[in-house]
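Residues per chain, in single letters:
Number of protein chains: 2
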Amino acid sequence: MYELIKTNISKHIAVTNAEWDYFFSLTEEKIIPKKEFIIKEGEVCNLHGFILDGFLRTYFVDDKGNEVNLTFHFEDWWFGDIGSFVRREPSKLNTQAMEDTRTLILYREGLEDLFERLPKFERFFRILNQRTFATLLERYIDDQTKSAAQRYKQLIARRPEILSKVPQHHIASYLGITKEFLSKIRSQKNI
Amino acid sequence: MYELIKTNISKHIAVTNAEWDYFFSLTEEKIIPKKEFIIKEGEVCNLHGFILDGFLRTYFVDDKGNEVNLTFHFEDWWFGDIGSFVRREPSKLNTQAMEDTRTLILYREGLEDLFERLPKFERFFRILNQRTFATLLERYIDDQTKSAAQRYKQLIARRPEILSKVPQHHIASYLGITKEFLSKIRSQKNI
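Read top to bottom, the protein sequences are chains A and B.
Heads up, the first sequence is in my numbering, so the first residue is 1124 and it goes up one at a time.
Heads up, the second sequence is in my numbering, so the first residue is 1124 and it goes up one at a time.
Think of the hints as simulated: they come from the structure by calculation, not from any bench.
A few of these clues could be false.
Note that the list lumps identical chains together, so a pair holds whenever it fits in one copy or between two copies.
[Claimed, not checked] Derived lysine to aspartate or glutamate pairs resembling EDC-like cross-links, with alpha carbons at most 20 Å apart:
| hint | residue 1 | residue 2 |
| --- | --- | --- |
| 1 | Lys1243 | Glu1142 |
| 2 | Lys1187 | Glu1159 |
| 3 | Lys1288 | Glu1190 |
| 4 | Lys1276 | Glu1261 |
| 5 | Lys1302 | Glu1261 |
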């Protein structure tokens, strides 16, 4: 059971059967029904979650009231607002299920117990955080150094599942462009 | 010696004298002369560094050839391109000394030895990475939800040393505005 998350974690640390039992005793399986939120703007995020199957999106609302998509999360992905979690401040993010999504949740207390008892998980979450940081930094730089067409091409090359799963207007919001401009990019032959 | 870094790390983990000896045996003190670079675009960043005294700035170059300042680092700050470090990919960042800057450097090998022998440092770097991520995420969201005037006000409220140390054109580049527009903001009475 839960082979997906075991494989995900085992890429970075070796965990014994007894340690897995302890790990899973700290987690909670949670179905997030389509359109419902697991992280909400204005509330402190007290969890890290892992997607067993389904599909979430994380967005914030800009000063014009537009939803700006920050990330799409599919199965085998971790999610959570690390900023809100570590600072214990209200989140500026919203994470919403785009379809019924089965997740495994580690709440703050469980995570603290885990680090206390099995410090090797510090290593796993250190590496996970580094990779999340690298992704955000790349996005921040790409936004200011690459055209929307280049960023679109890169997105679908790296994550082709987005094309089939994510509605066009959400991809446009991720790229910071209108749906109409995205259609124009998609119709260009060199894309 | 090195009380600054010991205090910085001791906020999150307890380190014995023997462990400090080992930690410092892995570090290298390095003076970065004014205008020289410790991280360079196109080269893999293989280090994490700590500023003992001095002042660095980290920037990238946008598609119009402008330098965009990402961060100013003062004493008691960590620096490094986590993305380049973890992915072993060429950095897109430049970290330059704004004055002669005394640093303590941990290279990749030393850091790996440290994690192997003293796993508690995984915890420290996990927390450090989380905070760095939180800062970048906040900046990303602020850029799209707050005016330049609001961001300027927030910057100098939180980090007043920037006003006295950082040249105006570098603050303008941090805020993504021209030097002239920054002067206009500064001359407004409500700032």
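Violations among the numbered hints, reported as their numbers in ascending order: Of the numbered hints, 2 and 5 do not hold.
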